[in-house]
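*Asks:* Sequence:
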Amino acid sequence: MFKLLEYIIGFRYMKTRGGEKNAALSYMQKNNVFFSNLTEKDGEAYFKTVGRLDKNLLKYADTVSEKGLLRDIKRSLYRPGLYFGALFFITALILSDSVIWEVRYAPKGGENVERIGALAAENGLKSGVFKSSVNKENIENLIMLKCPDVSYVNVDIKGTVATVVTDERVLFYHKKDDGKTDLFASEDGYIIRCETFAGKTVCEKGQTVRKGDLLITGTYDTFHHGTVTVKARGAVYALVKRSFLCECPDTEYEKAYTGKEFVKRSYKIFSYGEENGAEYEKDKYDKTTDEKSVSVFSFVTLPIKVRTDTYREYTLIRRKISEREANDRLDKTYEKQLAGITADGQIKEQDVKRYYERGSYKLYCEVWLITNIAK
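For any residue, its number in this note's numbering is found by taking its place in the sequence shown, counting from 1, and adding 20.
These are computed hints drawn from the structure, not numbers from a lab. Just so we're clear, the structure is a prediction, and the values are computed from it rather than from any experiment. It is possible that part of the hints are untrue.
[Said to hold, decoys possible] Computed cross-link-like contacts, DSS-like style, restricted to lysine-lysine with a CA-CA straight-line distance of at most 30 Å:
hint : residue 1 : residue 2
1    : K61       : K41
2    : K356      : K340
3    : K231      : K395
4    : K280      : K251
5    : K35       : K50
6    : K251      : K275
7    : K340      : K280
8    : K200      : K146
[Said to hold, decoys possible] Okay, the calculated beta carbon distance ranges per label pair:
hint : residue 1 : residue 2 : range
9    : S118      : R339      : 51 to 61 Å
10   : R230      : R344      : 35 to 45 Å
11   : K275      : Y172      : 49 to 59 Å
12   : E369      : D348      : 34 to 44 Å
13   : Y172      : G226      : 36 to 46 Å
14   : K284      : V149      : 31 to 41 Å
Think of the CB as a built atom: it goes at the ideal place given N, C-alpha and C, for glycine as much as any other residue.
Whole structure, please, built from the sequences with the hints as guidance.
*Replies:* Here it is, written out as structure tokens:
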């Protein structure tokens with residue numbers, strides 16, 4: 021606080037002239053001139069005075085340097101460049117939050133982002149334009165009209181960033197006729213029942229069939245029309261067996277952080293600058309990235325972004341997995357795989373075996389289910 025007060029009032033460093041040291045000190049004491057930081061070198065006294073200069077003191081000492089708020093203001097009066105710089109800075113602060121400095125595209129599917137970006141730029145959405153000149157509704161309608169692969173578009177402007185969010189249009193096509201007239205067994209099975217809607221069934225209940233065997237044919241003889249050919253339609257439900265294997269190793273490697281970390285910062289101005297940050301060894305450091313925009317007075321966003329990359333050093337430690345933990349992992353994998361292979365049928369029976377072999381805990385499952393095998 022005292023330093024700030026000194027700067028506002030003003031202060032100077034002074035040095036006595038030859039043989040006037042004692043006279044200067046005596047004069048300041050008699051006339052209550054405040055001084056401090058008194059030192060002596062080569063027979064001369066150096067000291068600091070605060071406030072208005074006593075001109076009579078100049079008979080005994082010279083001013084070495086002078087500092088203070090009033091002096092800096094007077095000096096700035098002779099530097100017109102400072103005024104232009106301050107005016108430019110204030111103008112930039114006012115205008116920066118009214119200008120779009122970066123345009124981002126956030127596709128949710130396989131949309132043609134280049135086409136969308138070109139349309140947006142042609143209609144005024146690009147870096148360096150004022151927000152007021154951007155017609156969001158017009159841009160959204162044009163993209164929907166001229167991009168058949170887009171089903172949704174929204175132009176969201178926040179701060180100095182405009183984000184174009186789009187979603188892909190899913191086009192449904194009628195399935196082309198593959199020319200097949202027969203239905204065959206898609207896997208081995210024991211037939212439970214047959215349901216034929218078009219064509220002729222060439223299998224029967226209780227029959228065992230192999231993958232690729234003919235089940236329903238679309239070409240058959242009739243009494244009145246002779247040989248006819250239709251597209252076979254129907255379902256043949258059979259008892260089939262499916263199996264899968266889940267594995268979990270008895271050891272794994274875990275990361276142990278050493279406590280050492282370092283930070284790298286990079287900057288982007290008007291969307292230009294470093295993108296990838298520093299290089300790092302992926303098998304030695306974990307990397308987290310944080311990117312923030314620079315704001316002034318908490319409401320004016322500048323076209324400057326600071327990217328912070330934090331690197332945490334770690335070492336890999338080998339850890340033994342207990343049988344209980346391995347079984348918990350196998351159970352989760354088992355549930356996912358079981359749901360996947362039985363989604364098209366009804367489970368009748370299943371057999372699960374657990375065992376340990378060559379450094380791994382294993383779970384083998386056989387499932388018998390009824391499903392339609394006519395494909």
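*Asks:* For every hint, state whether the structure bears it out.
*Replies:* Outcome of the hint check:
no. : hint                       : in the structure
1   : K61 with K41               : 11 Å, holds
2   : K356 with K340             : 25 Å, holds
3   : K231 with K395             : 10 Å, holds
4   : K280 with K251             : 70 Å, violated
5   : K35 with K50               : 19 Å, holds
6   : K251 with K275             : 60 Å, violated
7   : K340 with K280             : 26 Å, holds
8   : K200 with K146             : 53 Å, violated
9   : S118 with R339: 51 to 61 Å : 56 Å, holds
10  : R230 with R344: 35 to 45 Å : 42 Å, holds
11  : K275 with Y172: 49 to 59 Å : 41 Å, violated
12  : E369 with D348: 34 to 44 Å : 25 Å, violated
13  : Y172 with G226: 36 to 46 Å : 54 Å, violated
14  : K284 with V149: 31 to 41 Å : 33 Å, holds
Of the numbered hints stated above, those contradicted by the structure are hints 4, 6, 8, 11, 12 and 13, listed in ascending order.
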